[in-house]
Structure formats: C-alpha cells, structure tokens
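If you read the protein sequences in the order shown, they are chains A and B.
Going left to right, the first sequence walks through residues 3 to 652 as the working numbering numbers them.
Going left to right, the second sequence walks through residues 2 to 627 as the working numbering numbers them.
These aren't lab readings, by the way, just hints derived from the structure by calculation.
A hint or two may mislead.
Capping the alpha-carbon separation at 30 Å, the derived lysine-lysine pairs in DSS-like fashion look like this [claimed, not checked]:
hint : chain 1 : residue 1 : chain 2 : residue 2
1    : A       : 149       : A       : 340
2    : A       : 140       : A       : 236
3    : B       : 95        : B       : 107
4    : A       : 416       : B       : 95
5    : A       : 236       : A       : 416
6    : B       : 107       : A       : 340
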Amino acid sequence: MAAHRCHFPALVLILWSLSVFIVADVQETTRLTDTGPSAASSQQTAAAGEPPAAAETRRQPPEEEDRRWEATEVEEAAPGDAPSDSQTSSAPETVVTPSQPEDDFQEELVIRPLHSGDIYASFQFRTVWDTDFMGGKKVSHYRLFPKSLGQVISKFSVRELHISFTQGYWRTMQWGQPFLPSPPGAELWVWFQDTVTDVDGTWKELTNVLSGIFCASLNFIDSTNTVQPSASFKPLGIGNVTDHRFLRYATLPREIVCTENLTPWKKLLPCGSKAGLAVLMKSEKLFHSSFHSQAVHIRPVCQDWQCKSTSWELRQTLNVVFDLHSSGQGKREWSLFKMFSRTLTEACPLASSSKIYIDVTDNPQGEQFELSPATPLLSQAVVLGDRRTYSVYDLTQQATFGSMRSLNMLLRWKSSDGDMMRPLLHGERYVAGYGLQTGEIHTLMYNHHPYRAFPVLLLDTVPWYLRLYIHTLTVTSKGKDNKPSYIHYQPSKDRVRPHLLEMLVQLPPNSVTEVTVQFERALLKWTEYTPDPNHGFYVGSSVVSALVPSVVAMDTNSTQERPLFSSFFPSKEESSYFVRIYTEPLLVNLPTPDFSMPYNVICLTCTVVAVGYGSLYNLLTRTFQVEEPSPGLAKRLANIIRKMRGVPPL
Amino acid sequence: MKVQGLTIQENNMGLLSDPNRRRALISMLTRLNAPICVVCYMAGVAWFMGLAFEPFTLRTYMSENAMGSTMVEERFPAGERALATGREFAAHKKKVGGMPVDWLVKTMQSQGLEVFTQRFSRTLPFPDENKERYVVEGTNVYGILRAPRAPRTEALVLSAPCSPGNNNNQAVGLLLGLSQYFRNQIYWAKDIIFLVNEHDLIGMQAWLEGYHHTNTTGMDWSPLQGRGGSIQAALSLELSSDVITSLDLVLEGLNGQLPNLDLANLFYAFCQKIGVLCTIQGKLQRDDWDTASGYSHAVQTMMLMVLKQASGRPWGDHGLFLRYHIEAASIKGINSFRQYKTDATTIGRLLEGMFRKLNNLLERLHQSYFFYLMPSLSRFVSIGYYMPAFGLLAVILLLRALDLWVQLSALPSRTEDGIADIEQSGPGVLSVLTPLVISHLTGVALYTLPIRSQEMAVEHFPVFETEAVVLTAIAIYTAGLALPHNTHRLVSGEGTEQGWRVLKLVAVLYLAVLLGCTALINFSLGFILALTLVPLAAFITPHVPKLLSALFMVLLSPGCTLFFSIFFFQELQETPVNLQEGWVLFLSVISQGILDHSLYGSLVYPLVALLVYPCWLLFWNILFWK
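Put together the whole structure using the sequences plus the hints.
Structure representation (structure tokens):
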C-alpha cells in the first residue's frame, strides 16, 4: 500500500509536466479520465519518474491509460480536493490522508462453553467498504479491504462469494447449531452479476484464481461437481436477482484443511496475525481441536438504514471446537492461554471495535462455571432462536487488560453435569446395502420441535458415477408417505455433470423424515480412478436449509448495531430463524479393478490370442488335401535305386 | 529360419486340425483314461498334502505400506483397571440377569463417547439346543469415539460379545478400558466404534444389518441412531480370564470368507513385537518343519482351517462382517497350563497397536491375499498354490466326460443300425431328464421340508422340535436312496446302454461345474467334496458289483462325508469322540447348519441340499440302471 502511495506524486508530476508541455494532450487525457474506461491493470507500476519516459509513454496508448486510471484513484482517495483541478494541484497536496474513512473493520471472538464440556470459539472479522467495484471506475486503492479479493470481485463480476474450508464434522447433537454452518471439506458458492455472459467460463477461472489465493485444491472444481441450486442458496446480501443461472455451487468433500490454508486466510486481515484477536491463531493449537472451519464471505450490504447505496462486506470467520478430553488431565478448565497458547495484549489498531463475548446464558448465578477476570459488561443477543447473555470484554478499553497488561480469561467448571440440548433440526446420512453393484442413500432429517411442523429445503448433489434410480425416491415421515411440495431434479450426465436433487419437504413435529433413493455404482474407465481407488469415492454433504420456529422473537431490524455472530443470516420474520445444516459426506466404494492385473491380463490375452485364435485361424485358412499314403520303406529304397538307374519311379 | 519357425508353429497348431493327430491323442486319452485318472487323483491329494510342507509355502509379509513401515508406540497402561471394570460389569450383569444396558450406557457416556443402543428380536425357526434359545430378544450397546477433525466417513470397530454366564467379562472390561484410553488420544483419523453385542452372532447380525440398513434374514431390529461412515476393519475380542497364556486368531467367516491376509499379518507382527504367544487354530507354530512331527503339525493346522472354512459358518463374531466387505478377525484369549502368562495390559497394548496401524490405513485393506490357507501363522498358501490340487481332481471329471463322449459317438457306428439309433434318441433325452428332475425335487424336499414339517413331526412322534427337524432331514436324505427304482417306473421301457452313458456324461459335467464354482468361492468345501465325489463319479457304471459299489457310494455321499469330517475335526482338535458322541455331534451339526442358513444366510446347507445331493443321486441312479 505504501508503494502505491509513493507512486501518486510521481504520476501526478508526470501529468502536470504533460499539461505544461503539450496542452492539447493534457486536455485529451482529462477528458478520457472523466469518462473513466477501465483498463487491464497488468502494468500498473510502469510509471517512470522523468519526463522523457513520460513523453515516450505518451505515444503508447495502453500505458497512457494506466496512468490515467491511477490518477483517478488519486481523486478518489482525496475527495476533499476539488476534482476539477486535481491535475493542476501540486503533488504533496493530493496525498493528504482521507478525512473520512469509507471502510471499517471490526473483530470479535465468541466463546461458548458447550454442554459436552468442549468449548466453541468463533472468530469473526468484518470489513465493510463503501465502494463500488462494479461501477465504471476501476478501484485500485485499498486500505483495509484485501486487494486480492477486491480484484477478484471486479474482474469476475462477483456479486456474492462464500467459501469455507472445514476440517471435521460439526456435531449438531452435542454442540447445538454453529453460528456459521459449513460442510466438511471445501465449499464454494458464488452469485455472479447479471452482466456476466459466460458464467461457466468465469466460474472456471474464478475457482482457479481462488485456488491460488487460498492454497487449496479448488481447481478440482469442474462441471462434474458444480450445480446450480434453484432454491437452497439465495443471496445473503442485498440485491434482487435470484435467477439461479448466475449461481454456482460446488463442494469438495475430500479437501484437507491445514496450515497452508490458514496462512493466506490470515494475510487477508488488516492486522495480519500481528495484533488483535488474530494473535491467538496459532496453527498448532487451532489444528489440535475437534473441529476447525474457516470461511470468507463477501456480499453487498446496505450502507445505512435507508439503503440508498451499497457497500461491500467481507466477513472472515474461523470456528474451532476444542476437545475437553484430549487436552488431558480431565480437569474442566479453560483459559485463553490453554486454548491458544497466547494471551491478548491489545486490539488491532485498525479495528473500530474489538470484542470478546463469552456465553454465560446457562450460568446466570455462576453455578455452572466461574469466569475470571469478571467483567461488568453484559450483552444480550438473539441468536438461532434463543436469547443468549454474554459477558463482553472490550479490547479497545485499556481497563480490560488490567494491571497485567494482558488478558487471559479463565473458565472453571464447578459441576460436571449438563444435559445435551437437542437441536430442533438435525440431519444424518448414510449408505445402505452391501456389495459393489447397488446401494441406497438414506438421508434422515429430525424435527425435534414438540408441536410445530416446518418446511425444509433439501439439496442433494450426487456425482454421476453413482447412478441414481430416481423412481425409487421415497420420502417418509412417521411411517407415512410424505409428498414433497417442490422437487427439482436434474439428472446427471456421465462425466459432465452431477445429479442435483432439491426438495421442499414439510417435517411433521417431533418426527424423523427419511429420504431414500437407490443407486447403481458405475464402472469407471481405468484412467478415471483416483490414485487411491480403494479408499472410496466421496459424495458431498446434503444441505438442509430451513426456517425453524423460534422460541423468542427474532430481531428483524438488520441495521441495528448487533454483535457480528448474530447478524449474518438476515432474518425477515420474527417467528422463525434461518438454519442451514449439512449432513455427513459419504464414502462409497466403487467396483475397483485390481490394478496389478494388467500384467496378468496381458499374459492371458496373449495366450488366448496365440492358442485360441491361432489354431482357429489355422483351421480356417488351411486347405485340406487328400494326401497320398507315404510309400513303404521297401518301395522308397526301390525308388532310389530306380532313380540312380535313370528309370521313372514306381 | 522364418520358414522353419512357421513349420514348427504349424506342427503345434496342427495338433487339433490334423485329424490323425487328434485321433491319436483322443485314443491315447481313452485308452489310458483310467490310469491317468488315478494318477491325477493321487497327484491332487499329494499336492494338497505338500501345501503344508514348509519349503513349499511362502512366508507371510505385510503388503500394505500404510501399516508396514509406520512405527507406532503402545502405551496402554490400565490393564488392571480394565479388569476391575470387567468385574464391575460382571456384577451388574448378574444383577440384571443379562446385558447391563444402563450401566454400559452410563459408563461409556462418562468416557465421552457418543452412546447408542439397538434393540432386536428374532424367533428362531426351531429351538437351538446347543445354546438353548428359541425366542431371542436383546440389546446392543455401542459407543462411538469421534475422531477429531474427521468427517465421519470411516470407522473401525472393536467388539466384545456379552455372553451368558461368567464368560467374556474381561473382554468387555478391556474394551471399556481401551475406549477410555483411546478417547484421550489425539491421533485418531477414523471414528472408533466400541460395540458390546448381546446373544453373540444374532446380536452382531442385528447390528450389522441395522448399520447397513439391510434385512437379509428377517430379523426385527430398531434402527441405529449413530453411525461412523464406512467401516474399514473390525476386531472382535473374546477373553474369559484375567491372565492368558496365548492369543488365538480366528479368521474363518461366513461361507468360508476370509479377511485380507494383512490383518493376520498385523496380528502376528504385534504378537512378535510385544512378545505374546500367538496361535492359529489353537496350534502354536513349530520350527522343526523337517521332522515328521513338525510336518504333521503343520498339516493338522492346515486341515483344521480347511475343515472350518468348509463348514461355511462364522467361527467368531467377526465372521458376519466379511459379507459387508469389512476385514475382520476374532482374537481369543486362551488360558492353558503354560507357565508364561500375559496380563491384560499387554493384550491392551497389542490391541492399541493394531488399532493405531489400522487407523493409519489410507485405503481399505486390499493389498494382500483374500484367498489363502495357513499351515501356521507365519506361513501361508496362496490361491495360486492350492488351486492346482483342486484342478488335478477336477480334470478327472473332464477326462471321464471326454471318454464318455467318445464312447457315445462310437456306439452307434459300432451297432451300425441307423434306424435303431433314431429310435433310441427319443427315450434317451427322457431318460436323462427324468432322473435329473426327480433328484432335484428330492433336493428341494430336503431343503424345505425339515423346517416346514416340524410341527407335524412333533405331533406324531415323541421328539423335540430340533430333533424333528434333523431326523426329518436324515429321513428325506435316506428316502432319496430308494428313488432309482421308482424313477424307472416312470420311464417306459428299459434303460439302455446309451442311456446311462448320456446320463453319466451329464452328471459328470454337472459335478465338474458345481465343484468348480464351489471351489472358487470356498476352496475347502469344493476340495473336500471333490475328494469324495470325484472317485465315485469316475468309476460308477451299472456294470460294477452292485452291493459293494452301493456301500462305497453311501460311504462317499455328502452326508457321510460330513459324518467323517466331524470325527476328523475332533481328532485334530485333540478331543476324540466315540461313535455315539459322534452321532450326537452329527445331529447337532446338521441342526446348526440349518440354523446358520436361516439366521445368517450361510449357503452350505442349500448348496448341499439343492445341488450336491441331487448330483450324487444321479450317480446313484446310474449304479442302479437297468
């Protein structure tokens, strides 16, 4: 960023000198600048300091355009100046720091002690920037918003981008609902702007670029695992385009998430992992847990309550569940240091808000666990249909850190009992049957609500090599046939696209709804097997999206200041809240040849060809003739003698 | 050179195309048919006996890289505590008078496992007198250790049966001790399922069917609530004393299926590493292979395996896993009078090591052999080595078939009476078809009637249900022997010389196909059947002395084969029985066979009743051809 700032005076100087020497040219430049065509920015830094170079570049239109583009950036960075005379104003004046920052960064950590004794830590970092990537002007000056992502948004005309990397499976039955759900492996879903013409091509390029940004195998996303859900993934930001032609959804259930994915993710943060909450992200601790999930969500949001203009929101979230048992000693005690092997000493200086929330709802009088240091600040928020109480630590206040100049919260349990809270919605999936020919996928959806029925949207994506027998699809609840009110099914094409099955099913109260469909396992071509074919082939999680009846009234005012973790999914009605759950991915064995067999096959084939075909060929082509019986020995001797005598043989 | 090569090839190829050479070959085969058959039979038996001779076998080796070079440390410390848990379990078991479900659930939950139960019930087709059960109801309890950061796609299973009486409490104790220890480790990549199953195999069957949501045997079970994805491997533990002298590995599963050899290798490797005596078929390994006693020891071990495999029944709880393509084995603790004892901590360490290596697996166990015989734990005979033994026996049938074919084609020309030939062909087909149909109907009766008519039998005769079933089976089997006379009543006219040859040709080819298919799936069963059926198939004609041959045939019939096998098996196990005990055992084995079929889907009983026995009846028919 500093490098960019250094270029501005130089660029302005060039333009200024140009205006002095060749007035006509300058005028033309200005006009072009005003129209602001966006140019390819491959040679942004090509600007040279001295006028000769400038004069040379004047004759090269592309570089000329580059410079103009940067110049507009100067205008934007300094809105206080009069835009009309920016070309004539002197260089130092244009680089004044912006008076009103248009971007804002907040960081937040929520810690929720779980009933199982495990502890759930959820980081959320939110950057909001009042800019328009899609407008006519090219955005190139970045302050808090990561430039790599900004460029991706503008280059690929992305309207909304959600990407998550998860290692482990969220145990809904033990842990309740997460703030932000994600399936095991990698998940990517993107809404493109409706100006995009070649969505598939853009999607292909985008996945490859993201693959580089996040050091992940997202480049394995191709048409065989991409679908366009018609109803399950609606845009989470503002905007009214819901034509699913512009939506692409893909999961890679096999993706392993580790430190090499965490590091680029951390680099997107304004403070990196140098200050603020991100200091806690030591990979050896984050990956010594029961569950690890990191995500990036980009979407357009309203700038204010009037929603006249939009800003871009980038949310980076990281969810970890630490395991009580494997941390040893059996003592139920947690501290920041024990979880992250770090304590906090400061907030990120760039953050406008930096807070730690600790869920103390189950602990109103401190009978379950003891929290130290105590904080007077309490906050209430409605999260996932439940009113929760949180102790809040504001890191921007020096008092939070106390005399030790470091914050190390300690949670010590007093009683060890705690009943499992049953989540209202819960899903499960498995493969039934045995043998390598057919099988059956069972998806179970549990509605634990005692008296309310609610509809859920089920999305199943099954690779083409499991050939679904869609006529065997059954949906049953409580032993009765449950007719889905909406079914969207797109059959697979071999080696081209997967099956997509979307259903809207009403779940009766306190029931299990079972969706079964039979499939046949395809025999792949021998080059299509993975290097470890006997491991099995993955089928991604099915997605259940639902509006679950809420116990307390949900907050529908989206503009009100709320903790980040409670404000991700917009809630449109007070009586229900949005939940998305993912089932387990499946590991399915396909019929696998013994790959040491080719040698044997070659030998066998050669033998069969040589003996079988050879003798048959011999029989077919040979001409049979009646042979004279060979003469006896005496006759032959006689013939020899006759030959010697010159007499014709007998 | 080229021309010469071509001529050589032509000479070779000409073997079939040249009528002279073909005739010479065929005449040699027909002329020397009997001696070749005898030689083949001898060679087959000799080859088979040679398999146990150590220089002819291969040493076992770990094929799976993921389990081979990776080092694991075994640190399980809490054997004593596990035994204490076992005693507690025993006390609760006694109090409840069965499976202490609540206690198990509470114990597993306190360890931090996800615990689930499954209820099941099953009414047996007839009372099982060996285990004294008829209506079986029970509960399986299992706890799942969720591997950290794993997406629930793969699992391993450790199971211990909750047996009646004082058995197996230590196994459950050790299972709980291991679950507690495993829960505190961080290296798990696959979920581990700790299963305590009631009513041994029936409970296991219910659990596996529930897990895979199949129902092959008509059992009632409640659906499972928790799963761990596809199961990669399973071990079943049986342990009835606090200290043991040796561990026995049981591999034979349902229908003679065996787990991948790498599982046996893994067990053997850890026994060697930890220093535990290990056996297979209850026989220790000996290194004096060059002595007669050493060789006979190896033969005994291998024969035990052959007999167990041929029986087609699961010889431990692991046996039912194999149907689901899950590699599984049972480990049995044996406490004999040996001096050197192994304590529970050591067994725990052994299991820990095995599980850690299984946990390292990247793919299913598939690298090593699935078809093998083991003359000792460190030696194996692969399919490529044992199949020739069977092949030598099977080739006899083909030679006989060729001989018959030649005779049949030569017969009409010898009579030189074309009109008679055409006349004969009509009843010829009928004379083959009638015995075929009748003997198969007898087979169907043998398969279906014993269970269906048990009530009637109990009503009319003073017997119990089990006895009724077994005795009905034996009665039908014996009644089949009276059939030939009746068969011929149905066919008008006398059986002809050609008629029996056609029938025998069909029967011989039928037997060859039958045995070939059986041997591919279950070598032992195929080989034992071939050993007895091939000689009688080869030499039975209507012209041999009737009485002697009939005795010979009855002795070699499948039923008698089973009877001898029981004596042989008892002899090998060093628990010889006298004739009366043998008879009782024979009856119980038949009832077990029928039960195994209806409870677990074992295929030996239907195979014998529907195919092998009718095939044998065909030969019986030939003997009494008139």
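Evaluated hints:
At most 30 Å may separate the alpha-carbon atoms for a hinted pair to count; residue 149 of chain A and residue 340 of chain A exceed this at roughly 34 Å. Proximity of residue 140 of chain A to residue 236 of chain A is assessed by CA-CA distance (about 28 Å); at most 30 Å being required, the pair is judged to hold. At roughly 17 Å between alpha-carbon atoms, residue 95 of chain B and residue 107 of chain B fall within 30 Å of each other, so this suggested pair holds. A C-alpha spacing of about 35 Å is found between residue 416 of chain A and residue 95 of chain B, which places the hinted pair above 30 Å, so the restraint is violated.
Pair hint residue 236 of chain A plus residue 416 of chain A does not hold up; C-alpha atoms about 44 Å apart against a cutoff of 30 Å. Note on residue 107 of chain B and residue 340 of chain A: the hinted pairing holds, with a Cα-Cα distance of about 29 Å set against a maximum of 30 Å.
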